[in-house]
Structures are given as structure tokens and as C-alpha cells.
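Student: Single-letter residue listing:
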Amino acid sequence: MLTPLEEEEIKFVAEHYASLDGAAIEALKIVQRHRGWISDDSLRDVAEALAMTTTELDSVATFYNLIFRQPVGRHVILLCDSVSCWIMGYDNILEILKRRLNIAGFGHTTADGRFTLLPHVCLGACDRAPVMMIDDRLYGELDADKIDAILAQYE
Amino acid sequence: MEKPLTRNMLPGRGPFSLAEYEKAGGYQALRKALTTMSPSEVTETVQQSNLRGRGGAGFYTGRKWSFVPMGEDAPQPKYLVVNADEMEPGTFKDRFLLEGDPHQMIEGIIISAYAIQASVAYIFLRANYDVAYRGLQVALAEAQAKGYLGENILGSGFGLTLLLHESAGRYICGEETALLNALEGKRAIPRSKPPFPPVVGLWGKPTIANNVETLCNVPHIIFHGAEWFRSLSRSADGGTKIYGASGKVRRPGAWELPLGVTIREILEEHAGGMRDGVSFRAVLPGGASTDLLTADHLDVPMDFNAVQEAGSRLGTGTMVVVDDRTCIVGLVHNLIRFFAQESCGWCTPCREGLPWLTDILAAIEKGRGEPGDIEILRQHTHLLGPGNTFCALAPGAVEPLQSALKYFEEDFERHIREQRCPWK
Amino acid sequence: MPQLTIDDHPIEVPTGTKVIAAAEQLGIMIPRFCYHAALGSVGACRLCAVMFLDGPVKGLQMSCMVDAQDGMVVSTTDAKAVDFRRQVIEWLMLHHPHDCPVCDEGGHCLLQDHTVSSGHAIRRYRGAKRTHRDQYLGPLLQHEMNRCIQCYRCSRYYQDFAGARDLSVMQIGNKVYFGRDRDGTLQSPFAGNLADICPTGVFTDKPSRYMGRRWDYERSPAVCIHCSLGCNIVVSARYREVVRLEARFNPHINGYFMCDRGRHGYTYTSAAGRPRQAIFEGQPADVDATLQHAAERLTSIARMHGLAAVACIGSLRSSVEAQGALVRLCNAQGWPAPAFFDDDERLAAVQTAVAQQHAQVHVSLRAVENADAVIVAGCDPIAEAPMLALALRQAQRRGATIVVIDPRPIELPLAFQHIPLAADQLAACLDDLITRVGTVAHDPGALETGSPADPLAAAADLLVRSRRPVIVCGTDLPNVAAIRQAGKLARVLRENRDSGLFHVLPGANAYSAALLNRGRSMAQVAADIAQGAVKALLVVETDPFHHLPNRKRLTDALARLELLVTLDYLDGPHTRKAHVFLPSTTIFESGGTFINQEGRVQKTAGALQGGTALRLVSNTHPPRLYGQGIPGNQPMPAWLMLSALSGESAFGSSADILQWLAREVPGFENLKAAQPPTGEDLLLDSAGRSEIGRHCLDVTSESPLNPPNSGGGLHLLSTERTFGSEELSCRSPQLIELESTPQARLAPSEARRLALKDGDRIALAAENGFYETTLKVADNMAEGTLAVGRHCHPDWPWDGRHARIADRSIKKIDQRETKINP
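Residue numbers (this note's numbering), protein chains in the order written: chain C, 1 to 155; chain E, 1001 to 1424; chain L, 2001 to 2822.
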């Protein structure tokens, strides 16, 4: 079941579309913002609201990498792995993050459920490479010390 | 040197509010267009300015607008779509403009929509540009409250609904027709052309998609005129350009400069040259899907025609500088892996060819390359050409590869011969 | 019409033809995967690359995406094109598993064909292959995703063409996956076509998995007999059994596809329980001897009790040859003419339909796809003639508006308007439409500006504005009056439009049965038996228990017979109770002529030699059974056995029967014409219909559908279902899983009125019995109607398919009790 707030938000964006299914991506993002990820149940909730089948909606959802169809931690770290960040030391940053978070690599979540680490393509801040985002904040010119300080801010 | 695009961007503070923007002369161009010019006059002015699209394709903006059916019998509603899906690796110039002066783009959107008589406009903003998103929300509300958006703008009779849509990822959304499918709530698969979007676009209606930077130029062109705009440039094509540099330069960043400054100028005067310990080896002049240029090309003007003659593309105009301590094979591997991952999966050559190239490049980089590998790489640079694939992603993807083989084939051969990466 | 040159061959084609289709007309099959004539061009696979050497387009282009234009010079053999196509195959083979030896598609695999034709042979790719997990998709289709070459045909067919919503493409790049969001039976009754269109072995026919290779099979063309549309099929047989069916292209009927009922309904022909032995008074016997005994017994009863004491019942699933032989037998012996239809109402309905469907007004199934407006009156397409639903979808995709006027909660795989009207109001409604359409035709100003509250006005408006309207009318539900009005509506529209009439009939050979039926209905025969007027009954290839749903009444009647002779290939109470049983061959064994609902004559040869399937006779391979003759090979064609019963009037061959019909029976004149092997373009159409028409006019329009207004109560309708109703396919084990339990559907207001809820178990009381079922509340159905899904072997306490039921006769069953509360 969608919450009243989720329903309202979806209804608001759906107004601009001739048919409900046009708002599929936005609806998924809205519900993901509230719930953290899109479970099968959430998928079904959104599909019902948009008069789509779960298959039709999953066809759209699984195309887009920022719709999470698996659970994520409380905070999602997106580490840029594109060319400028790679030139500026991405490999090293990845190793630092893996060690600090004590996880095996991309796709994993810390034991305390705090962070999930994911790769992401160019984040559009190449002049500050290497960069990562945590939730909606961008962090650039990363090094080991900066990373420690940044991670410490998140619970 | 006039810098119309960045003149409102003051260091150490956020973007201008609407009041500040107006005070600095903002929305005067809008007034001029809506109250003293006809839509075709606006299009005509932009055509004469020689403004070329700043998203990478470089199509003449005014000419694209002229393909839109006009008049009472034209299909309605018509759409203007802002391609703010900046995801080309090495590119960060639109972020600059979106975060730095959202009203400038909004004004450009309204004028452009007026020119093609679009009644609805969408800003298709890539995910993860959260600062820009929030700034745009504020600016849009301000513009709506002031009556620059909505019905009967400035009493002209022209109305525009402007909507902000944030994507859910995927580089292919930057492809014009894939973007339209994403806006329609579908998988972002490109569409076959013809029909072209100005005739059959969003929801089957006439649609113009323009890049952020392209639209930011429009208010200035309208306010100061086409001739003025042409005068800003060092080349036949008008205006200034937001150039950028990333990689191991001293001062990576973005700068507004006349269209046509040379690579050397950007690199040495603005980016401060190479850092200590490394020297220049190559550059991708316009982002990941452009051909590498070498030290022989440092004096090539960064405009559309000159870069093309030199064997590359201006693309987005944000350079990725490659130093001599960075492995070219690794670089190309990183780039091809990006494109392979972002392939939408529709057509065979891109879907299957790019991951195969990734596999080969990974092997070569790790010292497991085999003698026939370079030939396979080379074949693909021809096979994944325009027309053989469904869209331009794969042809763009092989541009750095084909140039790497052209200028640095020895690097590849060394990896294969020595069965290791000599740069590690 | 553009003229172009392909591989030095000139050709002229209609404007809009793609180069790939133009090449096909020259016999040049440019390799392709994603292109399909029914699905159109999308340009995904890139395999159809050819070189354009000259003309308005130049260079390497995808031939499926380029319109043929004047002056084009195309080469499919140019080295650049050949190289590129070879490369496309290499790309597709990067991840394709080397499992031809264990893949069912092998031998009829488009990927195999094009891998060989492209010249690609040696793998250069050294990487790992991507693999997928497969899904359970139901009993009809096997899913093996590793073989996928991402042609997108399946999702395009399933979603776009067939309008189904539970299969799509997921993910991105080379990880794309074609399937459902989770395991589960595919919902579309057209899902089986996935096995035909998938160019590799991702989707293969599940029931026939591992049963043989394409080159092991005897394959022959045939027609489907599970409804009146007559879709074309290809039969694959091996070791004396039918192994699988595929759709065969027919440009007038089914196009490239078929429904799952037809695709998987064949199992009756090779079933273990099929009766293959003649039985005379409880003992197995020789067919010839049994025929003789039967003839003697029938003659003796006629002598003792009079000619009218012998009655015959024929079948809608019999071939024209068998039907004709039965009519001739009755003529020759002086017995009353055979009965082919369930009851008088049904007989009149079908004869009315056939009589009014003359050449100027009938349309083929494919023509329905080109309609711009369709009124579907009293017909449930997806249940009664599934491929009609698919044709309606194509019409709708091309811009047509579809309006269904029917009391049942109709479901269709397309957007349509539904006017839920009680069955007995159908005639009046169509009459109303005729008036409105007629009025507007004379006075355009009279056009109501479509108040959405009046859907009938909207429907009339739709027809008035249309150019190619089609009126579809069933014969299962509507009464004679409604059917006549449907015909009249089509004729009125024809005055200044390209309109059409399309009737759905109740069986594969109902059209010819309508022309042949000169006497009673089955119900009348049963009544005559009960009264004692009929002493002997000959039943030919039909199960009366399927057609006369009141099992008790029929059982009692049959018990009164002195002689029951049954001729069939299905077992059932009618064969088990028979004094004399004669086994007949199926369409797969002896072929036959079938005439579809449009009057299209289709003749098919047999597909396999008769006899018990080898797997039922021997479980070793190769079989180590030695002996003479083929086990279980006694069944003979029905026409041949009936002919033998006629004695002197025996037909020499099956062709003789058709000649006889053409000479003697009004309506069959065109059968005289020389027939191509499958008689594709032969349509029955003649003045003989007026005689039928006259006959029908005599039939009263009083019927169970027009009961005297008794106020209160509901119309009880027995309605056909896609799976589980039709006599032959309901026996198919792979289709049994797809049947839903028959339910009773009721409008919400009626449920409220009767204090019933969705899911309640209810009992319906008739004069002499009860019928238990589950209630389903359905939004989009007519009030005053209770629609119960029909079971193929019903135990139905009413005499007809439709009845009147009083409110007090509907009771909820308390789940704790097995008895019904009085």
C-alpha cells in the first residue's frame, strides 16, 4: 500500500502526463526516496497506482541504475569510476573505501547497515576528481584523510 | 573579453536570485523577444548568430528550430526539452551553468519556446546534480511567481508551462530520442530517424531538444544581436564557449572563453599546464567520445571545424588531459567499459561489440593480450560506424580507441609483447 | 509503384514496401532476426544489412528499415554487406551456448540457418559467456534464456501484437532479459506463438520437448477444428502420433499465428483412452462385421416401428464428407434427416447467420484487422473464436474503435468500449442502431453530439463516421431476431460504405451443417426418444452429453432406446452406452474438407497413418514388437463407414461426396469447381441460401432468451470459455492447467440485491436438480444476468444452455454444511 503522502506526490507529477504510466520513473523515485529501495512489494504498490502490471513496471525499473531493486544501507555511496576520476586515482580511493568500510567491494553493505557502496559513471565534477557522492552530497579531491572525515559524518 | 554566460557568477556565493538577476539586466531579452519580435524573427536572429549546439553534436540551433511546423495548423502541443543529462565522462560544463545561473537558462528556455511556439517545456536533469536541482526548483518558483512562466507572459499572449524532471540514471538518456522515451516513462531506447523530433517528438508532437549551454546563449543573442554574438568568437561560429580541463593539470576547472581559443591556450594559460612530475601526452578535446589529439595538435583552435579537420570533434569542449604516466591502454579500457555498460542493449554491434572490446582491452592491460587482439580492436572501429548501429553511442565509443591505435599503437604492442602493463 | 533492382533482378513493388520484403518477392531471403512481417521493422539485429550501390540511398543500410524507391540498386552479395552480416553473427554467437545437440530448436533454428549462411565459423572471443536463470512460464512453453540473441521479437509480439501484459524485457545492455517479473503461467491464450517466432531455442514447445528432430517428423498442412475460424496449421507427427502443431500462414484467416486452444488441443487423437476397436453388444469385433450388424439392426427397427423410428445425430466437428455421407444415408434409407445442432434455437440462429452472409457482405478474419469500426454483438471473442480477439486488436492498433454489446464481462487484449446489455435486448438494440444510422444517413444534422452518457448514440456516431465498419455477431448467445438485425445493420451500412458482416459459428463445420440440416435439432430428437417415437439412434462423431447439458434427462432418454449406434474417435458416455460402436479416424488420419464461418472451403489430407501411438505399444527404442499390421489401426473414416451402411448408395470415394453435395444440396454448388489442394480461395456462396432463409423465417423468435416477462429473477446463461468448454481441447492435459474453474458471474448491484459476495459458494436450483458453483462479482456485465462458464461435460439441471432462474433459486452454501439450507 502506498502511504497517503506517496500517493499525493505521485498524483501531483502524474497530472502532467496524458496517461498514468508516463509517470512511472518519477513514481519509482518518489517511493524509493521514502523507502530507500524498491522491493517487490513496493513495485506492486506503484504498479497498482499507475494501472500497470508489475512486469511492465519492472521492465522500466530495471533499466535505470538508480532505481534500487535490492535493499541498500542507510546511505548510498556512489564512487565515480569514469575516465577523469580514473586518471586521478580512483583505484586507490576504491581500496581505501573497501578497507574503511570493511566490505568486499561494490554492491556490498556495511555490517551495521550504514553504507552501501556502488560504482557510478561520470558524476560531472571532473575538475574535482576523484569524486564520490553520499546520498545527495558530492565530495571531491578525495584522499584517505578526507574520506575518514566524510564517513564519520554519517550515521 | 566579454563573458556573457558567466558574468553573473560571482565567487564565494550562490546563484543570483530573480531580483538580482533582473537587476543585472536579466529577463530584458525575454521582454524584447515577446513584446517586440515575432517567433520567426527570434529564430532568424538565432540562425544568423551561427550558434551551434553545445551538447556535442554541433548542429546549427536556428536551423533545427526552423524544422518545427509553425502556424495554426501545426500539431499541438509543441514541446521544448532541455537536455540537461550531462553524463559524458570528462564533462562538467552544464553543471557550472545550472548551479551558477539558473535564471539565465530559464530565460533562454522561454525565449526558445516562444520561437517554436511550444507551450510546454521540460528540463530533463540528470540524477545526482542535487545542488542544481534545488536551485532550479527555487528559480522556477520565482519565475512563476513573477509571471515569466504560466499564461500570457508579459501580456504577450504566449504561455509556457516549464517542468523539471530528474532522471534515474543511464547515459543513453542524453541521446535525444532516448531522452524522449525516458520522459514518456519508458525504457530509454533511442528511436529510429526519420521521423525527426522537430516533426514527431515527445508524445508524437513537434519537439526541440537543446543543450543547457546552447539555451543559455539565447538571451544574449536576442538582447545584443546576432552580429555581436558572432563577434565574440574567433571562428565563423558565434559566441563564447565554456571550456574545461580535467586530468593531471595544475588547475582543473571551467572557463568561459571565445569560441576558437587553442588547446594550448586552455591548457597552459587557464589550466596552468601539467603538474610537476608529468608531461603532456594526449588530450580528448571534447569528452569521452572524441578522438585523442597529440602534442602536434596543441595549436588547433577549439572550434567545430578546426577540431574536425584535425581528426577529432569539439564535442562538449571539456578536455580530458592525458599525461605520460597514465597508461593509454588503461584509459581506453576505462572509456570502452563505460560505453559497454551504458549500451541500451537494442542493437547487436553496440550491445555485443563494446563488451567484447572491454574484455580484450582488460586482457591487454593486464598483460594477457594476444597478437590478434589489435586487429579485432581495429576492425571494430570500422564496424561500429554511423549507420551500422542504431544510434551514435557506439560510433562515439570507438573514437578514442581508433585514435589510440592511430597514435599509440606501440603502447598496445608493448603490453602484448611484454605481457604486462609498462605503466604500472 | 517504385521500381528497383536487387541483385540484378528488377522488381516493382507497392509504395511503402521495405527493401527486405521486395527481395522476398524475388525469392531472395535476406537474413534477419528482428524483422517479421507481422511485427514490422525495428532495426535492432542489424543482420539484414545490404549494400545500396546506386539510387536515392547509398552505402550499407538495413534493408528492413529502408522503403523501396525508384532507381535503387541493391546488392545482397556485396563483400562489405557479406562481411558485416558475418560479423553480426559472430557478435550474436559470443554468448550463445554450444547446445545445439540438446536444444529442441535444432533443425528448424533461424540462428543455425543464418550462422551457416553468414559464413561465421571460428570463435575469437575468449571471455566468459553471460548466463541467465530460466523461468517457469506454464505448461506450454519452455524457457531457456542463455540462448537469447536479443531480437526483441518475443516482447514485441507478446506486448504489442497480442496485447498481453505479463512478459517484457528487463535490464539493459547485454544483460537484457525476456520474461515475466516472476515465475508463473503466461496469461495470454496466444502465448504458444512465442515458440514459432523465437528464432532460437529460448521459447520452445514444452509438451513436445525432446520428442524428435524436425527431420524425424512427418509434417503436413492441415486446419484447426477447435472453433469456426479454421486457422491453418502444420502437423508434426512421429511414431504414429501427433507431436506438435504450428501455425501455418494464411493471408485470409489467421495470418502467421494461432491460439493455444488450437495449438494444444490435438492430444485426443493419440490419447491412450481413445476407442480403436469396434464393439458389438459388448464384445470387440471386426469393423466390417460390425457395420453389417449395425445395418441389419437399423433396418430391422425401421421395418418394425417405421422409418421415423430411426434418428441420426451428426456433428459440427465432422468433415463435410462425413456430414454429407450421413445425409445421404438418411435419404437413401428414408429415415428423417440428421440433426446437427443442439436445439431449435441454435439451429435457427446458425441457419439465419449462414443465409445472410452472402458474398457482398461477408468479410474474412484478416479483413476485420482493416476495419475502422467494429460492433461485436452477442459474442465473446476470446472464448468463442480466440483469433478473432487478436484480429480486433490489430484493428484497434490501426485506429479502429471496437464496441462490444454483450451481457457477459467481456475481456479483450485491447482497449474497447463495452455496452453490457442483457441478451434479450440485443435485437432491439441493434434495431435501434439501424434506425439511428439510417436517420443520420439521411440527415447529417441529426447527428447527436455524442453525449458520453449515451453509449449507443456514440456507437451509432462511430458507424456513421466509419468507412470500413464490420459487424461481428455470435450465434451462441444472440437469438434469431438479433442475428437478423446484425445482418440488416451490415446491409444498411453497405449502401455507402465498405462494410462487412462476420459471424462466429458454434463449430468447425457449422457452416456446412447449417446448409445440410433439413430436419430437427438434437433436443428434438432427445424429446422424441423420451416419448418413445424414436427407437434407434445413430450418433456420428458427436457427444450428445456435451451438447445437451441436462445429463439426467439425456441418460433417461437413451436408456429407452432399443438401439444406440455410435461412430466416434472420442470415448465418452455415448460410446460406452452404445450397443454398437464403430471407431472413426480423426482429421489427422483421414483429413477432410472443412468450411469455416466465412464459407471458406479448406481441404486437408491426413497427416499420419492411423494406429496406436508407438509409445503406448512399446517402451523400447527402437521398438521390438513384431507382428503383422499396425496395432490399433481399425478406425476408418466416418464417411466410409456411413457409406457402407447405405448399401447400394455407397459412395466410391470422398470426392464423390463433394460432387454429390454440389449437385444435390442447395448452397454447395461451388464445390463443383476445381479445387486447389487446400481450396484456399474457394468460398461457398450461392442462391441456395434463400431457401435456408425462407426456412428460418418460419422459425419463431420465441426462445428461452425472450421469456415472458416474469419480473425478477435472472437470465441464466451458459457461456463458453477459452479453455475447458470445447469438446476436443478440453481433454488435452497441457490445457487442463490453463482452465479456470467455471464460475458464475454477476453484476455488483445484483450481488448486493441477493446479499451475496464475491467468492461465495452458491447453489442454483432447477426443477430437478442443483448446480453448485462459485460466485464472481464482475463490474462490466449486464444486470439481470448470471453467466456461468460452460464445462465440456456439464451436469446441468436445465434443458437448454440458457434458462430463467428465480431469485429464490439462488442460495449461498454454508461452508460448514454440505446440504443446502431450505
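I should point out that these hints are in silico values taken from the structure, not numbers from a laboratory. Some hints could be false.
So, partial list: chain C residues that the calculated Cβ filter (under 8 Å) puts toward chain L [to be verified]: (1) Thr3; (2) Thr54; (3) Phe63.
For glycine and all other residues, C-beta sits at the position ideal for the given N, C-alpha and C.
Student: Given a cut of 8 Å on the nearest C-beta pair, is the interface hint for Thr54 of chain C held or broken against chain L?
Tutor: This hint holds: Thr54 of chain C lies near chain L, its Cβ roughly 5 Å from the closest one there, short of 8 Å.
Student: With a cut-off of 8 Å, does the beta carbon of Phe63 of chain C approach a beta carbon of chain L closely enough for the hint to hold?
Tutor: Holds - the Cβ of Phe63 of chain C comes within 8 Å of chain L, reaching about 5 Å at its closest.
Student: For the restraint on Thr3 of chain C, tell me whether the closest CB of chain L is nearer than 8 Å.
Tutor: violated (23 Å)
Comparing the model with each earlier hint shows a violation of hint 1 alone; every other hint is respected.
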